[in-house]
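J.: Going down the list, the sequences are from chains B and L. Taking the working numbering, the leading residue of the first sequence gets 1, the next gets one more, and so forth. Taking the working numbering, the leading residue of the second sequence gets 80, the next gets one more, and so forth.
Don't read these hints as lab results, they were simulated from the structure. Any given hint could be a false lead.
[Said to hold, decoys possible] Calculated lysine to any residue pairs in the SDA-like style (CA-CA distance at most 25 Å, straight line): (1) L/296 to B/70; (2) L/133 to L/758; (3) L/296 to B/49; (4) L/164 to B/37; (5) L/296 to L/277; (6) B/72 to L/302; (7) B/72 to L/344; (8) L/612 to L/342; (9) B/72 to L/160; (10) L/164 to B/28; (11) L/296 to B/29; (12) B/72 to B/42.
[Said to hold, decoys possible] Stretch-level coverage of chain B by chain L, calculated; a stretch enters the list once three of its residues show a Cβ under 8 Å from a Cβ in chain L: (13) 33-41; (14) 49-58; (15) 64-75.
[Claimed, not checked] A partial selection of chain L residues facing chain B, derived with a Cβ cut-off under 8 Å: (16) 290; (17) 355; (18) 363; (19) 391; (20) 420; (21) 423.
Please read these numbers as outputs of a predicted model, since none were measured by experiment. Every residue gets a Cβ at the ideal spot worked out from N, C-alpha and C, and that includes glycine.
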Amino acid sequence: MNPRGEYVKVATKRRWRPGVLARQAREVASVFLSTLREIFDESAYARFLARHRTTSSRAAYAAFLREHAVAKARRPKCC
Amino acid sequence: MPKPVRILIWLAVAVLGALAVATIALHRGEQINAMWLVVAAVCSYALGYRFYSKFVAARVLALDAQRATPAERLDNGRDFVPTNKWVVFGHHFAAIAGPGPLVGPVLAAQFGYLPGTLWILAGAVFGGCVQDFVILLFSVRRDGKSLTEMAREEIGRVGGFVAYVAVISIIVILLGVAALIVVNALKSSPWGTFTIAMTIPIALLMGVYLRRLRPGKVLEASILGFILVMLAIWGGQWASQTPSVARMFTLAAPTLAMLIIIYGFAASALPVWLLLAPRDYLSTFVKLGTIALLAVGIIVLRPTLHMPPLTRFIDGSGPVFAGKIFPFAFITIACGAISGFHALISSGTTPKLIRREPEARMVGYGAMMAESMVAIMATIAACVLQPGTYFAINSPAGVVGQAPETAAATISSWGFPITAAEMHSLAQAVGEQTLYNRTGGAPAFAVGMAHIFSRSLGGQAVMALWYHFAIMFEALFILTILDAGTRVGRFMVQDALGHVWRPLGRTSWYPSILATSAIIVGAWGYFLWQGVKDPLGGINSLWPLFGISNQLLATVALCVATTIIIKMGKARYTAVTLVPLAWLVSVTFTGSWHKMLDPNPRIGFLAHAQQLAAAPPTPELSRLIFNDRLDAVVTGILVVMVALILLESTMEWARILSGRKQARVKEAPFVPTRFAAEEQA
Numbered sequence: 001m002n003p004r005g006e007y008v009k010v011a012t013k014r015r016w017r018p019g020v021l022a023r024q025a026r027e028v029a030s031v032f033l034s035t036l037r038e039i040f041d042e043s044a045y046a047r048f049l050a051r052h053r054t055t056s057s058r059a060a061y062a063a064f065l066r067e068h069a070v071a072k073a074r075r076p077k078c079c
Numbered sequence: 080m081p082k083p084v085r086i087l088i089w090l091a092v093a094v095l096g097a098l099a100v101a102t103i104a105l106h107r108g109e110q111i112n113a114m115w116l117v118v119a120a121v122c123s124y125a126l127g128y129r130f131y132s133k134f135v136a137a138r139v140l141a142l143d144a145q146r147a148t149p150a151e152r153l154d155n156g157r158d159f160v161p162t163n164k165w166v167v168f169g170h171h172f173a174a175i176a177g178p179g180p181l182v183g184p185v186l187a188a189q190f191g192y193l194p195g196t197l198w199i200l201a202g203a204v205f206g207g208c209v210q211d212f213v214i215l216l217f218s219v220r221r222d223g224k225s226l227t228e229m230a231r232e233e234i235g236r237v238g239g240f241v242a243y244v245a246v247i248s249i250i251v252i253l254l255g256v257a258a259l260i261v262v263n264a265l266k267s268s269p270w271g272t273f274t275i276a277m278t279i280p281i282a283l284l285m286g287v288y289l290r291r292l293r294p295g296k297v298l299e300a301s302i303l304g305f306i307l308v309m310l311a312i313w314g315g316q317w318a319s320q321t322p323s324v325a326r327m328f329t330l331a332a333p334t335l336a337m338l339i340i341i342y343g344f345a346a347s348a349l350p351v352w353l354l355l356a357p358r359d360y361l362s363t364f365v366k367l368g369t370i371a372l373l374a375v376g377i378i379v380l381r382p383t384l385h386m387p388p389l390t391r392f393i394d395g396s397g398p399v400f401a402g403k404i405f406p407f408a409f410i411t412i413a414c415g416a417i418s419g420f421h422a423l424i425s426s427g428t429t430p431k432l433i434r435r436e437p438e439a440r441m442v443g444y445g446a447m448m449a450e451s452m453v454a455i456m457a458t459i460a461a462c463v464l465q466p467g468t469y470f471a472i473n474s475p476a477g478v479v480g481q482a483p484e485t486a487a488a489t490i491s492s493w494g495f496p497i498t499a500a501e502m503h504s505l506a507q508a509v510g511e512q513t514l515y516n517r518t519g520g521a522p523a524f525a526v527g528m529a530h531i532f533s534r535s536l537g538g539q540a541v542m543a544l545w546y547h548f549a550i551m552f553e554a555l556f557i558l559t560i561l562d563a564g565t566r567v568g569r570f571m572v573q574d575a576l577g578h579v580w581r582p583l584g585r586t587s588w589y590p591s592i593l594a595t596s597a598i599i600v601g602a603w604g605y606f607l608w609q610g611v612k613d614p615l616g617g618i619n620s621l622w623p624l625f626g627i628s629n630q631l632l633a634t635v636a637l638c639v640a641t642t643i644i645i646k647m648g649k650a651r652y653t654a655v656t657l658v659p660l661a662w663l664v665s666v667t668f669t670g671s672w673h674k675m676l677d678p679n680p681r682i683g684f685l686a687h688a689q690q691l692a693a694a695p696p697t698p699e700l701s702r703l704i705f706n707d708r709l710d711a712v713v714t715g716i717l718v719v720m721v722a723l724i725l726l727e728s729t730m731e732w733a734r735i736l737s738g739r740k741q742a743r744v745k746e747a748p749f750v751p752t753r754f755a756a757e758e759q760a
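This is chain L alone, in the form it adopts within the complex (with noise of 0.2 Å):
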C-alpha cells in the first residue's frame, strides 16, 4: 500500500479514536451508545500496537529477527517447541485471561463508565501490554527463565525474595477472592449451584473419557463435555422447579464456602489427569467461546449505556466499596489494564514457545490488548444495566438493608430508582429468588450479559438460560482458577518446605501433599470464611487486598524490566517502565495507606476494628476485629515488600549509572537463527 494511503487511513483511525474518547469523556445528560467504547478501545489499541509497541520493539528492546529463540535453540518436542505465532497468541491470551477482567470493571462501574474505561484503556497500551512484552521478551533472552529468577539474577536475593512472596500472596487473596466471588453468586440459587455441582462429575468423566476410551482426544472430549454443561444448564431449571430438589440444592453462603474449601482441598490432592486437567479444557472452552459470543453480542446489539459516565460515589462513599478514584479504581480493575499476574505466564510456558524474537510483541502486547478489550466488554455488561438495578444487585445488606422496600428505598434515595417490583420480576425473569445483596460483580455481570444475549438471541423467554449460563461460565472458569492455583501454591510450598526436610519437596509423597495442600488450602479458606461473615460482604476489604497483592507483583516486573532495560545501556528509555511503576507505586501506596489508617470505618480495616471495638464484646465481635487487624497486617507486609524491592532496585540503578557496578546483561549468548534462510529460500 502507498505510503500516503498508509498515513491518511492511521490519521483516520486517530481522528476517530480521539472522537470517541471525546464521546465518552464530554458526554453529559442523554445515555450514550455502548459502541463508542468498543471504538475508543479498538482505535487505541491499534494505535498502541501500530506506533507505541513498535517503538519499543525497535529502540527499547531492539528485537532480533536473527537472533535463535531458545524455542529453537533447546527445542527438545516438550517444554521448548517452536510454535506458530497465532498458536502462541492463542495459547498465551487463554493463559491469562481469567475472571479478574470480569469482575473487576463491573465493581468499579459504581463510580460510573468513565473512570474505568479510561483506566482500561491508558492501562493497557502504557503499561499492561509493555509489562507482558517486555517481561516475555526478557525471558526469552535469558532461556525462558521465571520472573522470580530474573528478579534474583538481575536485582538480587531481596528482590527474588519479594517476587516469590508476592506470588504466594497473590494466589492465597486472589484464591480467597475468587471463592467468594462463587459463593455469592451461588447462594440460595438452586440452579446455579445444581449446574455447578454438575460440572465435577462431567469434570471426572472426561478425565476417565480421555484416559480409558479415546486416549489424547481433548477437543473431541471438551466438546462432550461442553454439552452435558449445556444440559446441566437446563437441568438446573427442572432442578429449581421440583421442590425436593431445590431444596437440597439451596444452600446458604457458609454451607458453600465449607463446599468449596473440601473441594479445593480435594483438587489439589487428586491425580492432575482426573479432575484438574479436564476441568481446565472444559472451561478453556467455555471461556473462549463465551467471550467470543459476548463479542458478537455486543457489536449486533449495540446496547445503551444506562450507567453516567460517572456517579455521585467518585467521593468514595460507594456502596460496592468505599474509596474514592484515586487510588481505589486503580486497584479493583487490576487485570483489564495492568497484571503482575501476567507476567508469571510471559516468563513461563510462552517464552519457550516464540519461533522468532519479533514475534514477541505480537504475543506479549497483543494478547494483552485482547485481555483488555474483555474488561471493555466487561465495562459494557455492567453498565448497560439500570443503575438502579446494578447497586441492588452488588450492594451488601449491611449498606442497603435487608428488606426489598428498604434496600430498593436506600438507592432511590441515591437518584438511582427502583422498586421492589422491578427487582422481583428481573428475579424471576433470570429464575432467581431474588438478586439483592449479590456482591462481587459475578451475578451483576451475569444480569448484564443475559440481557445482552437474551437481546440478540432468543429473547426475553431465554433470559434464566442465559443468566445461568453466564453463572456457569464465571463459576466454572473461578473453580478452575482455584485447582490449579491451590495446586501451583502447593509446589511452591513444597519447593520451599524442602529446604527444611527433604522429603517435603517430593510432589509425589502423599503426607507431603496432603500437609502442604493443607496449608494452601487453611490460607485462602480463611480468607473466604472471613468474606462470607464480613457484614460488609467481604468483597469491600477483600478485592483491595487483592489488587493491591496484583500490583505488587506488577511492580516486581516493572523493577526487573527497568533494571534490565539499564543494564542494556538503554537508560534513556527507561520511561517506558518507570513511569508506569511510578504510578503503581503511588496507587499501591496510597490504597493501602488507606487500607490500613483512613479513619473512616468503611475504608480503613483499624478504623472499623476500633468501631467495633466501643460496642459490646461478642464473639462474633472479637472474631470481626481480629480478622480486620490481620488484614491491616497483610497490607502492611505488601506495602514494606513494595518499598524494599523499590529501594534494592533503585541501588542497583544508582550503582550502574554512575559507574561503581558494571552493567552486564545476563542474556543467553546470540545464536543466529536457521529460520530467517527458511523463510528466505
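Next comes chain B alone, as it looks inside the complex (with noise of 0.2 Å):
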C-alpha cells in the first residue's frame, strides 16, 4: 500500500519492440489456452494426476470424475 491508501501494482512495465511483440503473443496464446484447459477442466485433471502421482488413464480418469462429480454438480451456473 502506498501513503495515499492504493494498493501498488506489482506488474512490470514492458518495451514495445518486435521480439518482445511476437513474446507477448506467445504469451497471450498461451493464457488464453490455459484459460481454455481451466474453464474445460483439463487443468484440474492434470493437478489431479500430479497430486496422485500418476499418468493419464482410464482408471485415473473415472478416478477424477469421482472426486470431482460432487464439486462440479454443487457448482452453480448463472442466468
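Assemble the dimeric complex from its two separately framed chains, guided by the hints.
T.: Pasting the structure below:
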C-alpha cells in the first residue's frame, strides 16, 4: 500500500519491440489456452494426476470424475 | 506514459462516452447506428473500471497486495489453486454468463432501446460490477465462504435463512422460466427441435469419449461435439423438409414441456460424467464462441437500429409484458445490469482461485462488465429488427390475435407497420412455418442475430442456418442451466432434508436422489406448465417473478456487503453498496406491489384472477385462477423475505454504529504472501 492507501501494482513495465511483441503474442496465446483448459477442467485433471503421482488412464480419469463430480454438480451456473 | 498524456487520453474517453450517451439519449426522429451503443458502453466501462472500481478497491476495500489469499494459504491442488488472473477471469465469466443477459434486454426492448441501454450501463457500473467485486473480495478474505455462510455470520440467522430461501426460489423460478423460453422457441419448429434433440446423444457420446476413448481430453471432445452440433443444425434442414421426419419433430408446447420435464429429471438423476459434464463443456464452448462471433458481427456490420429510442409502451400497455418502465424495465433486465445470482459464483469457485488480492478487481468488476457488454449486444440484436417484426414475434396470441392478418393489423395500428406477407417471407427465410407469437425473447434474439450474421457472413441464403444456430445456442445454453440448476437445487434440498432424516442427506443414496430430484423438477415443472397454459404466453407473469427473486438475492448480497463495510470501520463509504441496495429495494417492492395488487388484470395477479372469476366457471379457468393466486403468494413471500433481511441488517448496522455492539470483522487472519517476494526477485 502506498501512503494514500492505494494498493501498489506489482506488474513490471514492458517496452514494445518486435521481439517483445512476438513473445507477448505467444504469452497471450498461452494464457488463452490455459483459460480454456481451466474452464474445461483439463487443468484440474492435470493437477489430480500430479497430486496422485500417476499418468492419464481410464482408471485415473474415472477416479478424477468421482472426486470432481460432487464439486462440479454443486457449482451453480448463472442465469 | 507521461501523466499529462494519460490525463488527455482519459479526457478524450470521457468526452467520447458523453457524446455517445447524449446521441443515444437525445437523438429523435432518425435512426441511429448501433455503434453508438457500443461506444457508449466501452467508454462507460473503461471509465467505471479505471476510476470507480479503483476508488472502491483503494478506499473502501483497501486491497492488500501483501496479503495471502486462500488459494495460496489453503492450496490443495483441488478446490484451492492459485491461478493466473486472466484464467480466473475467463473461468468466472464463463460461469456468470447465461441466457439472462440475452433474454432480458430483448424483452425490455419493447420500451425502445433507450431505457434498457441506460439501465444496463448505469446498473452495471454502479451496481452489478460493484456487487460482484465486493462479494468476491469478502469471500476471499473469509477463506472462500459462500454468500449464505457470510449472511449467517455477518447479519444473523434470519440473513442466512433468507439467503437459503432466495437461492432455492431463484433456482426454481429461473428453471421454470428458462424451460418456457426453450418451449416457445421450439414449438412447431421441426428444425430447431431436431437439432436440440440431437445434442443429447452428442453429449452422451462426448461423455463416453472422455471416459473410455480419450480420458481427460475435454477440449478435443468439445471440438468434436461442436462439429457434430453443426452437422445436426445442417441435418435439421433435411428433417424439416422430409415430411415423415418433420411430423415427428413438430411438437406442440405442452408436449415439449412434458419432454423437458422428463429430461430435467433424468439429467438430475444420471451420473454427472454421462450427461451434465459433457453438455456443460459443449455449451460453454458454443457460448464463448458465439458471443465473440456476435461482437465481431456487430463491429463489422455496424447495423442501424430500427427500434425508436422510446416506444408508446412506456405507459405500461406493452404487448410483450405489461407494466411501466419503472419498475418493470429494471426487473426485466437483471443479469446484464445487476444479478444476485452472480454473488453465488463470486462466493463459490472463483475466490478459491484468486492468486493475489488486487486481482479480485479485474475478475469481479471486469467480468461483470463483459457480461453487461453481452446485454448491450442483445439489445442491439433486438433493435436491428423492424419494430413491427419485433412485436409480431414477441406478442402473445392473447394480445394480438391468432390469425396472421389480425396480428399484423393490430401491430400496424400501434404505429409499427407490418404485413402478413412480410412475416410469412421472413419465416420462410429462417426455415420456420411461422414466427408469430414466439414469446420469450429467444426467437426474436435469434432472428436479430441471424440478421447480423447473415449480412456479415454468407448473405441471405444462409439466414435459416444462422437462425437455427442461434436457436441451438440459446436452447443448449438454457438446457445446461436446467441440468446444472436442477442438480444444485437437489443438493440443497438434500442438505436441508438431511437435518430431518440423515439418509435423505446422502447424495449417493438413490431413493433420496430420486425423491429430491422429483421435488425440484416438480417445482419448476409446475411453473413451466403454468406458463405453457397461460393465454398471455406465461412470460408476462413469470419473467417479472424471476426478476424479483434475482433482485432479492442481490439485496441479500448488498446487505452482507454493507454490513461488512460498516464493520470494517468504513461507514463513510457505505453509499457504494447502500445506493444500489436502496434502488433494488424500491424496484423490488414496487414491482411486487404491482404484480400482486395492481388493478390492471394484465399486470396484477389478483386482478387477473378476479377478472377470470367473473366468467362462467370451467376447470381450465379454475386452474388459471389458482395459478394467479399462487403467483401472488410467491411474490408476497419474496417481499417478506426482502423486508426481513433489510430489517435484520438495519438493526445490525444500528447496533454497530451506536456502539451497542462491537464491530468485529470475521476475516481470516493476515498472512503475508510469498508471491510478492517472488515477483520482486
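J.: For the pair supplied as a hint, residue 612 of chain L and residue 342 of chain L, is the alpha-carbon distance within the 25 Å limit?
T.: With a Cα-Cα distance of about 20 Å, the restraint between residue 612 of chain L and residue 342 of chain L holds, given a limit of 25 Å.
J.: Between residue 296 of chain L and residue 277 of chain L, does the CA-CA distance stay at or below 25 Å?
T.: Cα-Cα ~22 Å, so holds.
J.: Does residue 290 of chain L pass the interface hint, meaning its C-beta sits closer than 8 Å to a C-beta of chain B?
T.: Because about 6 Å separates residue 290 of chain L from the closest Cβ in chain B, which is inside the 8 Å limit, the hint holds.
J.: Would you say the segment 33-41 of chain B counts as covered by chain L, given the rule of at least 3 residues with C-beta under 8 Å?
T.: holds (count 8)
J.: Does the structure keep residue 72 of chain B and residue 302 of chain L at a Cα separation of 25 Å or less?
T.: Holds: residue 72 of chain B and residue 302 of chain L sit about 21 Å apart, inside 25 Å.
J.: With the threshold set at 25 Å, check whether the alpha-carbon distance from residue 296 of chain L to residue 70 of chain B stays at or below it.
T.: holds, 20 Å
J.: Holds or violated: the hint that residue 423 of chain L contacts chain B, with Cβ atoms closer than 8 Å.
T.: With a minimum Cβ separation of about 5 Å from chain B (threshold 8 Å), the hint on residue 423 of chain L holds.
J.: Check whether the Cα positions of residue 296 of chain L and residue 29 of chain B lie no farther apart than 25 Å.
T.: holds, 19 Å
J.: Are there at least three residues in the segment 64-75 of chain B whose beta carbon sits under 8 Å from a beta carbon of chain L?
T.: This one holds; 10 residues, not fewer than the three required, reach chain L with a Cβ under 8 Å.
J.: Do the alpha carbons of residue 133 of chain L and residue 758 of chain L lie within 25 Å of each other, as the hint requires?
T.: holds, 22 Å
J.: Quick one, is the residue 363 of chain L hint okay against chain B at 8 Å, beta carbons?
T.: With a closest approach of 6 Å, the residue 363 of chain L hint holds.
J.: Against the 25 Å threshold, does the CA-CA distance of residue 72 of chain B and residue 42 of chain B hold or violate the hint?
T.: holds, 13 Å
Of the numbered hints given earlier, the model fails hint 19 alone.
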